[in-house]
Amino acid sequence: MSTKKRTTTGIVLGVILAAATWLATPSRPQAGPPQAAAEHKALQDDYQRSAEIYNFQTSAKSGPQRGEEIYYFKCWFCHNQFAKTGPQLKDLYKRPTLGSGGPVNDATVEAKIRNGGPLMPSYRHALSDADMRDLLSYIRDGKCCFDSESPPPNPRYVATAPPPANAPLRTALRGGPQGEVRNRNGEPLEGIGVQLIAAKTAIRTTVYSNEDGKYEFPALETGPYTLRVARPLEYQPYVKEAVRIEGPSKLEGIVLDRTSQTEFLPPTPEILSQLTGAEWILNIPGTGEEKRVFSLTCGFGCHSYQQIFRNRYDEASWRHIVQRMTRGGGSPLINMGRPTPESRDRAGRPTLVDEELLAKWLARVRGPGSQDQPLTYLPRPRGAATRVIVTEYELPRTLLAPHDVHGDSKGIIWYTPHRSPYVGGLDPRNGFVKEFRIPEKENDTPDVLPGTHRVWVDQDDIVWFSEPWDAYLTALDPRTGQIVRRFKVPGSDRPNSPGFNNFAMDAKGYVYDSRSGNGVTKIDTKTGQVIQTWPWKKMGRQTYDNTITPDGRYWAGAPGGGNLIGLLDTTTGQMWELETGTDISSGSRGAFDPQGNSWFGGRGGMLIKIDIKTKRVTKYYPPVPYETFYEALPDKNGEVWAGGLQSGRFMRFNPKTERWTEYLMPEPYAHNRRTWIDNSTNPITVWYVDQEGYLVRIQPLE
Numbered sequence: 001m002s003t004k005k006r007t008t009t010g011i012v013l014g015v016i017l018a019a020a021t022w023l024a025t026p027s028r029p030q031a032g033p034p035q036a037a038a039e040h041k042a043l044q045d046d047y048q049r050s051a052e053i054y055n056f057q058t059s060a061k062s063g064p065q066r067g068e069e070i071y072y073f074k075c076w077f078c079h080n081q082f083a084k085t086g087p088q089l090k091d092l093y094k095r096p097t098l099g100s101g102g103p104v105n106d107a108t109v110e111a112k113i114r115n116g117g118p119l120m121p122s123y124r125h126a127l128s129d130a131d132m133r134d135l136l137s138y139i140r141d142g143k144c145c146f147d148s149e150s151p152p153p154n155p156r157y158v159a160t161a162p163p164p165a166n167a168p169l170r171t172a173l174r175g176g177p178q179g180e181v182r183n184r185n186g187e188p189l190e191g192i193g194v195q196l197i198a199a200k201t202a203i204r205t206t207v208y209s210n211e212d213g214k215y216e217f218p219a220l221e222t223g224p225y226t227l228r229v230a231r232p233l234e235y236q237p238y239v240k241e242a243v244r245i246e247g248p249s250k251l252e253g254i255v256l257d258r259t260s261q262t263e264f265l266p267p268t269p270e271i272l273s274q275l276t277g278a279e280w281i282l283n284i285p286g287t288g289e290e291k292r293v294f295s296l297t298c299g300f301g302c303h304s305y306q307q308i309f310r311n312r313y314d315e316a317s318w319r320h321i322v323q324r325m326t327r328g329g330g331s332p333l334i335n336m337g338r339p340t341p342e343s344r345d346r347a348g349r350p351t352l353v354d355e356e357l358l359a360k361w362l363a364r365v366r367g368p369g370s371q372d373q374p375l376t377y378l379p380r381p382r383g384a385a386t387r388v389i390v391t392e393y394e395l396p397r398t399l400l401a402p403h404d405v406h407g408d409s410k411g412i413i414w415y416t417p418h419r420s421p422y423v424g425g426l427d428p429r430n431g432f433v434k435e436f437r438i439p440e441k442e443n444d445t446p447d448v449l450p451g452t453h454r455v456w457v458d459q460d461d462i463v464w465f466s467e468p469w470d471a472y473l474t475a476l477d478p479r480t481g482q483i484v485r486r487f488k489v490p491g492s493d494r495p496n497s498p499g500f501n502n503f504a505m506d507a508k509g510y511v512y513d514s515r516s517g518n519g520v521t522k523i524d525t526k527t528g529q530v531i532q533t534w535p536w537k538k539m540g541r542q543t544y545d546n547t548i549t550p551d552g553r554y555w556a557g558a559p560g561g562g563n564l565i566g567l568l569d570t571t572t573g574q575m576w577e578l579e580t581g582t583d584i585s586s587g588s589r590g591a592f593d594p595q596g597n598s599w600f601g602g603r604g605g606m607l608i609k610i611d612i613k614t615k616r617v618t619k620y621y622p623p624v625p626y627e628t629f630y631e632a633l634p635d636k637n638g639e640v641w642a643g644g645l646q647s648g649r650f651m652r653f654n655p656k657t658e659r660w661t662e663y664l665m666p667e668p669y670a671h672n673r674r675t676w677i678d679n680s681t682n683p684i685t686v687w688y689v690d691q692e693g694y695l696v697r698i699q700p701l702e
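Each residue of the sequence shown is one higher than the last, beginning at 1 in the numbering used here.
If you are wondering where the hints come from, they were derived from the structure by calculation, not from laboratory data. Glycine included, each C-beta is placed from N, C-alpha and C at the ideal position. Heads up, some of the hints might be wrong.
What the hints assert, rightly or not - Here are the simulated lysine to aspartate or glutamate pairs, EDC-like style, with alpha carbons at most 16 Å apart:
no., residue 1, residue 2
1, K240, E252
2, K360, D314
3, K508, D551
4, K522, D477
5, K61, D46
6, K538, E577
7, K143, D129
8, K410, D461
9, K291, E356
10, K434, D408
11, K410, D427
12, K360, E289
13, K143, D91
14, K410, D477
15, K526, D506
16, K636, E577
17, K250, E289
18, K84, E577
19, K522, D506
20, K410, D447
21, K615, E577
Claimed, not checked - Beta-carbon label-pair distances, calculated as ranges:
no., residue 1, residue 2, range
22, K508, K360, 30 to 40 Å
23, R659, L352, 19 to 29 Å
24, E315, K90, 23 to 33 Å
Generate the whole structure from the sequences, applying the supplied hints.
Encoded structure:
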């Protein structure tokens, strides 16, 4: 918890991906055998999700299935069925020759991957021998290459049937198993995440030890569980299988040993995989300028910093990667931007200047010759920050890039996958997910990436979602499984670019959007037509989010990458286009609080508020360094909730006291893009779906 100063005034997923001309050009000569990345020793805790992500093992430990995951992160963005930036690799081993004229076999394909090409990074330092074996086995396999229509199954998902209709939702926040955590000297440890994983459902429940080292779970279903410490980081892993839980069980004491005899941690893969984005930046050398440009260019919420820093490339390869990520527009490399020497990036400087700065910095700190030094880390939670329950639910599939959540009146939590046509509804009682395959549209545009973005459940429990890659608004009736409304949104005509994303819907069912770029539009969902437009005066381009008061009177939004934020009175037509007073605040997503004030998460590193009465902009900075926000959402009490993209913490901010409470998550991520708050509970309940592929419930105890 902390209070920070405030100020008042009136890269895309997949930074480590392959590039074009994969087969079209000869390999570069190589002075000696490939220098593969070092092999990693076996994981010590098979339940540490971040270690699976770090090692490309979320769907399999080895073999072609793991190779698909490597392909998705390192190859698919260029080599996919939608783009022309890289040749297709499907049935590669059935072809007589490579594009360079050489034969097709493991040796020649591996050499091409290791060496790279004029537009393709070299992977000689980024893939271990085991990585290469699995990747080649996948490319040889008949299932290559990754298909958004069929994302891989999640081996941890075990819920095969919905719960009985009369099954209760457990609401008690206390009354479950209890225990304590101490170090080897018998001293209590505060802020340790203690986790129980249900064998029957795979649901993970985490609570945190208090100043006396004691913890208490909520009442849990009777049965066998795995007891572990979530994200032990500075401590050795602790895992105990087959622990019988029945009522308020008294669990044996947990004794933890440190991983180091000093305050610094060894940079082993097991520990590196547990670092938050902020901790990566804290530990990597660089100037303030380099780190700020990196944050503004690569920290906008498309992926974690771990996804970047777990790799090593030479300077030429980093330059290829930076260019593809800064110019790819958030999608597989289909509609590439081509900046001019005068064009400006998110930091307001020439794009080409910052691309070069980033390439040189990344090559210096994550190049073949760079060395990891002993690590420092952020402190654990204390006091009120330990009084929370975090529950994690598995999803049926991996590699979904899930985006948004919203709850319905029956307690089902709906989520949208950004790169797949499967929308899902999760039942929190046992973690069962009912999936709905979005059907292809009549006269469907060929070769359009499937996926959804915004999800909104209206007062009739109809589930509305945006299909951003083809600019459609779609409505699903979960009771029948039928699509009941679907239309293309006016003003969005370029497929496979981030299009119609974050609509707002008022209580009467009208939708608000600004994707046309000319101003705010009001759309009648019955006809699919724009019925009113309020033009911009200063902003000049679309806003990333669109927020609306329930009565439809006030709209607010902000364009990405700048310092402007807009407020509109739809009854009078008056538009306020306000400067935040910071070069790059980049208001992203938000909502209105009970007093009518507008809040946004600032990807520049702050929360942003527009006072509805004074029209004054106020910025609030968090107590965590190198933090960025994708969203901010007020609850019924006026407190503001925001996932810290780089801190692995979910933030709770009280505007009256300016007090921050930092809830540490069980994994080093809090990668939320849209929160849903259940204001019917007391205290309130926060839901979000993590970009890394699981659904999270946060229940503060006060």
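Hints, verified against the model:
1. K240 with E252: 11 Å, holds
2. K360 with D314: Satisfied, since the Cα-Cα distance of roughly 9 Å is no more than 16 Å.
3. K508 with D551: Status holds; Cα separation ~8 Å.
4. K522 with D477: 23 Å, violated
5. K61 with D46: 10 Å, holds
6. K538 with E577: 7 Å, holds
7. K143 with D129: 22 Å, violated
8. K410 with D461: 9 Å, holds
9. K291 with E356: 14 Å, holds
10. K434 with D408: Holds, because 14 Å separates the two Cα atoms, which is no more than 16 Å.
11. K410 with D427: 9 Å, holds
12. K360 with E289: Roughly 13 Å between the alpha carbons, so the hint for K360 and E289 holds.
13. K143 with D91: Between K143 and D91 the Cα gap is close to 9 Å, so the pair holds against 16 Å.
14. K410 with D477: 14 Å, holds
15. K526 with D506: 14 Å, holds
16. K636 with E577: Measuring from Cα to Cα gives roughly 27 Å; hence the hint is violated.
17. K250 with E289: 52 Å, violated
18. K84 with E577: Judged against 16 Å, a Cα distance of about 39 Å means the pair is violated.
19. K522 with D506: 10 Å, holds
20. K410 with D447: 36 Å, violated
21. K615 with E577: At roughly 10 Å apart (the allowed maximum being 16 Å), E577 and K615 satisfy the hint.
22. K508 with K360: 30 to 40 Å: Violated, since K508 and K360 (Cβ atoms, about 54 Å apart) do not stay within the stated range.
23. R659 with L352: 19 to 29 Å: 43 Å, violated
24. E315 with K90: 23 to 33 Å: 32 Å, holds
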